[in-house]
Amino acid sequence: MRDVAVIGVGITPFGELWNKSLRNLFTEAALAAIDDSGVDRIQSMYVGCMSSGLFVGQEHLAALAADYLGQRHIPSTRVESACASGGLAMRLGYMEVASGMNDVVLVGGVEKMTDSTGPEATFGLGTAADQEYECYHGITFPGLYALIARAHMEKYGTTREQLAMVAVKNHKNGANNPNAQYPFEITVDGVLKSVMIADPLRILDCSPITDGAAAAILCPVDMAKKLGKPIIKVIGTGHATDTIQLCDRDDPTWLEATYLAAKQAYAMADKKPSDIDFFEVHDCFTIAEICVMEALGLVDKGKGGPAVEAGKTAIEGKFPINPSGGLKSKGHPVGATGIAQVYEIVKQFRGEAEGRQVKNARIAMTQNMGGSGASTVTHIFERE
Amino acid sequence: MPTPSRYWREIPQRYRYEASRCTGCGKIFFPPRLVCSACGSREFEPTKIAEAGKVMTYTVIHTPPQPFVDQAPYAMGIVELDDGVRITGQIVDCDFSELAVGKRVRLEFRRISQDGKAGVIFYGYKFVPEI
Ligand SMILES: [Zn+2]
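Protein chains in written order, with our numbering: chain A, -2 to 381; chain B, 638 to 768.
Hints may contain errors.
[Claimed, not checked] Far from chain A by the CB rule (all over 12 Å, computed), these chain B residues:
{"no.": "1", "residue": "Glu647"}
{"no.": "2", "residue": "Ala687"}
{"no.": "3", "residue": "Arg723"}
{"no.": "4", "residue": "Arg741"}
{"no.": "5", "residue": "Lys763"}
[Unchecked claim] Have a look at the derived ranges for each label pair, beta carbon to beta carbon:
{"no.": "6", "chain 1": "A", "residue 1": "Gly299", "chain 2": "B", "residue 2": "Ser642", "range": "26 to 32 Å"}
{"no.": "7", "chain 1": "A", "residue 1": "Ser96", "chain 2": "B", "residue 2": "Gly661", "range": "35 to 41 Å"}
{"no.": "8", "chain 1": "B", "residue 1": "Glu767", "chain 2": "A", "residue 2": "Pro175", "range": "43 to 49 Å"}
{"no.": "9", "chain 1": "B", "residue 1": "Gly739", "chain 2": "A", "residue 2": "Asp32", "range": "39 to 45 Å"}
Just so you know, the hints here were simulated from the structure itself, not pulled from any lab data.
Ideal Cβ positions, reconstructed from N, Cα and C, are used throughout, including at glycine.
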């Protein structure tokens, strides 16, 4: 396998973008990534998207995206793994370059969610759970994560305030992200008084409904060196699955797929959690970030809440998490999220992250998760 | 929501709680599967799930999906039945203040949701407090 570098990234603003279509969102991010990389051609592309069919009634997105990117005829692949679609597009693009099959591959992600009504979007997102045995009975995604949160609070004594502190920290970071949907700070009290969605989770525990796209260009490290680009190397990748139904897992508070995907990436990169300078993780709900930090091995089981409270996940903390603002503040266009994480790593490594810069970051990790944790993709990156 | 043929296909589980027991390792699957995820066996015998158990975790849904808007807020939980099978469903006939991890509940056959004003009425199990 060849070493692979990320040589360009692009992103759209995240938000309710009424004047932008699915196809133009993707194209805008992809063109930005191509321009950023300086390449004059791409040989293949992957498009992460959870549900363009349900959100805007458009399938066959791979061909459409290639066509509107001016890349008619190249192989283009749509990738779906619910909210982990973008991360999985990144992994497949990595594999294509690493294998030697192609040299210049674009990996992107997009979701156009606000063309749907609220209930339509809720239904669309719900398809990442078990339609016949979870959704049939009236569960929602906030509901599934509320079940995880309640179990975590009962088992480990995690507090309602600790959950709120995840959102407060991510909004503090996102306030300095020009692409964020909600770039402003919030307070613990504000979270605790926000409208109840699924007890104990309130609206400010939940990532929003978002339109947006992100893209990155991958090529072999040798080629990146010839192009004179700063070398940002993919040194690890992992991918694992778990039961589709939350209730079928031994412990609803434990994200086994994240644990396994992280273990693979750490082994491939020959790194341990303490070697990683910062993390971009899937905080679709506040409780998710707490469970993820436990599964990534940053803290012991059940110790996520106290770690947030102690400031360990802040930008200047022991293991900064989501300097971008995370899904909570930045927004969560589901198929784009995994690539937006890669975008943040590259901006951080280049020292272009402005008010949210992690100092001297050289190694970073992404974790992108689908459903209530039934799929997870991880990557580890190193700046030379 | 399901079409009539899909709804009909799911009746054995929704109405009669039909499950399957792996003849290799004894694990019970609800819904039935074609291969055992514990031991890999493809041999099963029919069984039914236990009709009572205890709440493992719970929530109260305030922002429901479309078919459930007239029911919100409503409680939902994951229940571990007495045979070890775990299922997700609504917890009804119970004050929200009485919801608790470990609470004993049993299954009851109830209306789940309705497909619009003239649509199909969907039935299945819900949890009620065990008396
Ligand atoms: Zn078995």
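A quick look at each hint next to the structure:
The Cβ of B/Glu647 sits about 6 Å from the closest Cβ of chain A, inside the 12 Å cut-off, so the non-interface label is violated. Against chain A, the non-interface label of B/Ala687 holds: every CB pair exceeds 12 Å, the least being about 15 Å. Residue-level check failed: B/Arg723 sits 4 Å from the nearest beta carbon of chain A, not beyond 12 Å. B/Arg741, annotated as away from the interface, keeps every beta carbon of chain A farther than 12 Å; the closest lies near 16 Å.
With a cut of 12 Å on Cβ distances, B/Lys763 falls inside the contact zone with chain A, its closest approach being about 8 Å. In this structure the hint that A/Gly299 and B/Ser642 lie 26 to 32 Å apart at CB is violated, the actual value being about 46 Å. With their beta carbons about 38 Å apart, A/Ser96 and B/Gly661 fall inside the hinted range of 35 to 41 Å. Between B/Glu767 and A/Pro175, the C-beta spacing of about 55 Å breaks the proposed range 43 to 49 Å.
For the pair B/Gly739 and A/Asp32, the beta carbons lie near 58 Å from each other, so the given range of 39 to 45 Å is not met.
Comparing the model with each numbered hint stated earlier shows that hints 1, 3, 5, 6, 8, 9 do not hold.
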